[in-house]
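**Student:** So the protein lines, in turn, are chains A and B.
Numbering of the first sequence is given in my numbering, commencing with residue 434 and proceeding in unit increments.
Numbering of the second sequence is given in my numbering, commencing with residue 127 and proceeding in unit increments.
Quick caveat, the hints were computed from the structure, so don't treat them as lab data.
Among the hints, a few may not be true.
[As the list claims (entries may be wrong)] Stretch-level coverage of chain B by chain A, calculated; a stretch enters the list once three of its residues show a Cβ under 8 Å from a Cβ in chain A:
hint	stretch
1	218-228
2	450-456
[As the list claims (entries may be wrong)] Heads up, simulated DMTMM-like pairs for lysine to aspartate or glutamate below, C-alpha to C-alpha not over 25 Å straight-line:
hint	chain 1	residue 1	chain 2	residue 2
3	B	Lys498	A	Glu448
4	A	Lys471	B	Glu506
5	A	Lys457	B	Asp208
6	A	Lys449	B	Glu255
7	B	Lys211	A	Glu584
8	A	Lys460	B	Asp174
9	A	Lys449	B	Glu165
10	A	Lys457	B	Glu165
11	B	Lys215	A	Glu584
12	A	Lys471	B	Asp174
13	B	Lys498	B	Asp354
14	A	Lys460	B	Glu165
15	A	Lys443	B	Asp174
16	A	Lys526	A	Asp539
17	A	Lys488	B	Glu506
[Unchecked claim] Pairwise CB distance ranges (calculated):
hint	chain 1	residue 1	chain 2	residue 2	range
18	B	Lys298	A	Phe451	28 to 34 Å
19	B	Asp354	A	Arg474	52 to 58 Å
20	B	Asp217	A	Ala445	50 to 56 Å
21	B	Ile213	A	Arg441	50 to 56 Å
22	B	Ile479	A	Pro494	55 to 61 Å
23	B	Phe226	A	Leu452	32 to 38 Å
24	B	Asp217	A	Gly583	56 to 62 Å
25	A	His447	B	Leu316	25 to 31 Å
26	A	Ser453	B	Val305	30 to 36 Å
27	A	Ser453	B	Ile479	51 to 57 Å
28	B	Asn296	A	Pro494	32 to 38 Å
For glycine and all other residues, C-beta sits at the position ideal for the given N, C-alpha and C.
This is what each chain is made of:
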Amino acid sequence: MAFVTVERPKLAWHEKIFLSTFVKGLKVTLGHAIRTFKTLRGSKTVVTMQYPEQKWDDQLPEHYRGVPALVTDEQGRERCVSCQLCEFICPPKAIKIIPGEIPSTDPWAKVEKRPAEFDIDMIRCIYCGMCEEVCPEQAIFLRKDYAVTGESRAEMVHDKKRLYEIGGVRTGLVNKWNELK
Amino acid sequence: MELFLANLNLTFLIASVVKVIFLTFMVIMPMVAYSVYAERRVSAVIQDRVGPNRVGMPLTLLGFKKDLQIFGIGGLAQPLADGLKFILKEDFTPRHVNTFYYWLAPCLTIVPALLTAAVMPFGSELNLEVLGVVQPIKMVIADLNVGPLFIFAISSLGVYGIVIAGWASNSKYPFLGGVRSSAQMISYELSLGLSIIPVLMIFGELNLSKMSIYQDANGWLLLPLWGDGLSASRWILLIPIAISFLVFTISMFAETNRVPFDLPECETELVAGYHTEYSSMKFALFFLGEYAAMIVGSGLCVTLFLGGWSIPFAPVLSKLTGLQFHFEAGNTPLLTGLLHIGTFFAKVFAFIIFFIWVRWTLPRFRFDQLMKLGWLVFFELALANVFLTALLLWLVPLK
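Here chain B stands alone, though its shape is the one from the complex:
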């Protein structure tokens, strides 16, 4: 026991707990809430409507001159009102369900979605010498050396939540939704997994933080404009990377059940799909899980292809301005660290807006089209891409 206590790294433990709480409850949860708000507002403006604009932050009550607004648009407290509504609503369990699995399903949807966030490097390092912490703290909860594999392993568990929800509801529409969802997620997991193999080959690395550091110094995979990125091999490798990016992004839409692949919950055919029988907070958990999966998926995409937390042209900017914008192990100023965190979430947010934008642009695919796209196009494309990358890496090796 004493040995155990002596070996306990207290700084690491406290830092981890703080990071977990910060990332889960102060970043991902509010981000989910505000993605839902963004979804409602963006869908509204796309369809020439107004959207929820009434539930404002009543700063006027506190003596301010105006209520808080972004770009002259109010309604910013709508997510709080939504959350309150979900908590206060009656939690109804229908008689005909299998109660145990019915209660289990929402948890199985949200837990994997939040777990995958653990390996996401959401910032470089925070140098907290002001608070008396000697070592800079890495802005990732678990700096695993198998980052992407961990994410795939855990996020594929998310399908259980949906399947169990569909089955336990004991009614036909949820059942059909669950069946569709399992087929879809299993199919697209293949192309999703295969599509990032070229990227991993290029990095020669499975650690997401090291990938970000490499991209910070040598140009993003999709934007090789500084450092080693200016080499010929990186530019030639843009071809397989672009294919990877395309396949990965579209598969991610399918994995997260978003339009145009939202067949598990298509309203016109299946009422609400697998969560038809759910109400109140249990329904909210499905919703949270779906959006959290979206955020983590976007985070992974950003980390792999768009430089993660790195500021575009960081080394060039540092040279031009004399301030430090790039990452330097153990020697990154606090402000730069904070800026890196902000950059990461800005990128993720932009991605989510893109998700929403696509949702309100495209109609839904038919189920056979979806399966055909997954098995006959993306699977082969991703597989061929692996060999293409191998060939290119052999012909024009990276430094």
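With the rest of the complex left out, here is chain A:
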């Protein structure tokens, strides 16, 4: 094994009693203080983002995991078939689904099921994205919204209406509408 002997630096007397080093340190901190103070004066901070006024929103990456939401397709049909896979996979058990039947009079009765109720408790949600990953119908997605607030626990539970509101419309082929299948 090769040894590397690191010499202790030879200090002058004024460095040993912290005299010159102390002044040097004060100079460094004062430099930082003055530089930062100058940038602060016009509220033009270089590093710190002044949050409510400045936001990252337009710089969020594509894979950002925000709040989960349900989506409809171009024709306003619910993509979710209430298979409850997301409910089962959800690690903190934030999702609660009550499945409902699509009445036979509906032109899309062939899909058979849609959620009667779909609640996501945003206090429990950990934004892991497993629901999105497990969904066979590409009905649930993690959006880029991140500021979820509410004044009560009940308010923090997103119901079906709210989830579709956040999710909006998403285009693209989903097999279950296909007449031939």
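Since the structure of chain A is provided, determine the placement of chain B on it from the hints.
**Tutor:** Quick look at chain B alone, frame taken from chain A:
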């Protein structure tokens, strides 16, 4: 009873009460609050952060154009918000503590710190003839002839607060903090006391107001540039004075438990030290006590070495401008008196900024280094300095 009432000096009594209330609640308390704010802002800019800048003085609500800001920096109401938070927080007393001493400790920390302010001359005289007060009022609560001794006697009681807090908390980190603190404060009290003996020898005086008056006329101890200060003996005496100043200032850092000597409450080792188990207003009292001690310490340092309330080059300025900047017993205009008060607090404030600046510059000493510095360096240095001053005073006596 009648004799007692007849002998009662009503002006003196009212003036004293007003001074006590003014100094404690209108100067020291807000100064403590704003030192904490300054600490947060200065530490922030030193570390390239922003610091608390949101809680502004909302003058816009009152119809002003802009919120109140200093140098374009907001957040000036932060101390008020902090205070409100401390009052509204739950005052939690853990089950395992010794309740009586646990409650006593915060009071024992803040009371000595505020008591010592009594002998601090924070201004020269206020000539209140406009209000019908005939005699000018001295701007010191108690004009004791043993000023520095009183301060040392009372401020050394402050260690009891910390020791009792550490012991009564009945938990290991506060206990270690209390033990460390008592060792540290007792050690540095020696060098602190010894370091000002040369100064007292030079003044030949133990009254802090008279020291200020002397420095006003004859140049500050560290800035002997006018009056008798221009004599050779004063310049030769600068050597022991500089040593005194160094030892005093550094010991004061240790006495007030500031970085680099903040071992009683070093966060990395002792959680929060002696006040780990404290919450809400009791914790705030420790905080207040610590900062009040800092302010009084700075005040003492300013009074002893940097001329107290005196304006630099005051006699020279008076001669040049024709206005009176220096102090003249019984003949100081009201404006000059007010200016003296402002000067004193400006100096103290500058000192506190220096405290903060040092805190965010230096790392913490090890405990053995701290003890070694106190007992093997400063104690001897201060002691030798006493003899050096005596020798110099004998060789080149002051007028």
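**Student:** All hints, please: hold or fail.
**Tutor:** Status of each hint after checking the structure:
no.: 1; hint: 218-228; result: violated (count 0)
no.: 2; hint: 450-456; result: violated (count 0)
no.: 3; hint: B/Lys498 - A/Glu448; result: 18 Å, holds
no.: 4; hint: A/Lys471 - B/Glu506; result: 44 Å, violated
no.: 5; hint: A/Lys457 - B/Asp208; result: 34 Å, violated
no.: 6; hint: A/Lys449 - B/Glu255; result: 58 Å, violated
no.: 7; hint: B/Lys211 - A/Glu584; result: 21 Å, holds
no.: 8; hint: A/Lys460 - B/Asp174; result: 15 Å, holds
no.: 9; hint: A/Lys449 - B/Glu165; result: 29 Å, violated
no.: 10; hint: A/Lys457 - B/Glu165; result: 21 Å, holds
no.: 11; hint: B/Lys215 - A/Glu584; result: 21 Å, holds
no.: 12; hint: A/Lys471 - B/Asp174; result: 11 Å, holds
no.: 13; hint: B/Lys498 - B/Asp354; result: 39 Å, violated
no.: 14; hint: A/Lys460 - B/Glu165; result: 18 Å, holds
no.: 15; hint: A/Lys443 - B/Asp174; result: 32 Å, violated
no.: 16; hint: A/Lys526 - A/Asp539; result: 32 Å, violated
no.: 17; hint: A/Lys488 - B/Glu506; result: 59 Å, violated
no.: 18; hint: B/Lys298 - A/Phe451: 28 to 34 Å; result: 32 Å, holds
no.: 19; hint: B/Asp354 - A/Arg474: 52 to 58 Å; result: 44 Å, violated
no.: 20; hint: B/Asp217 - A/Ala445: 50 to 56 Å; result: 53 Å, holds
no.: 21; hint: B/Ile213 - A/Arg441: 50 to 56 Å; result: 52 Å, holds
no.: 22; hint: B/Ile479 - A/Pro494: 55 to 61 Å; result: 43 Å, violated
no.: 23; hint: B/Phe226 - A/Leu452: 32 to 38 Å; result: 47 Å, violated
no.: 24; hint: B/Asp217 - A/Gly583: 56 to 62 Å; result: 30 Å, violated
no.: 25; hint: A/His447 - B/Leu316: 25 to 31 Å; result: 26 Å, holds
no.: 26; hint: A/Ser453 - B/Val305: 30 to 36 Å; result: 34 Å, holds
no.: 27; hint: A/Ser453 - B/Ile479: 51 to 57 Å; result: 22 Å, violated
no.: 28; hint: B/Asn296 - A/Pro494: 32 to 38 Å; result: 51 Å, violated
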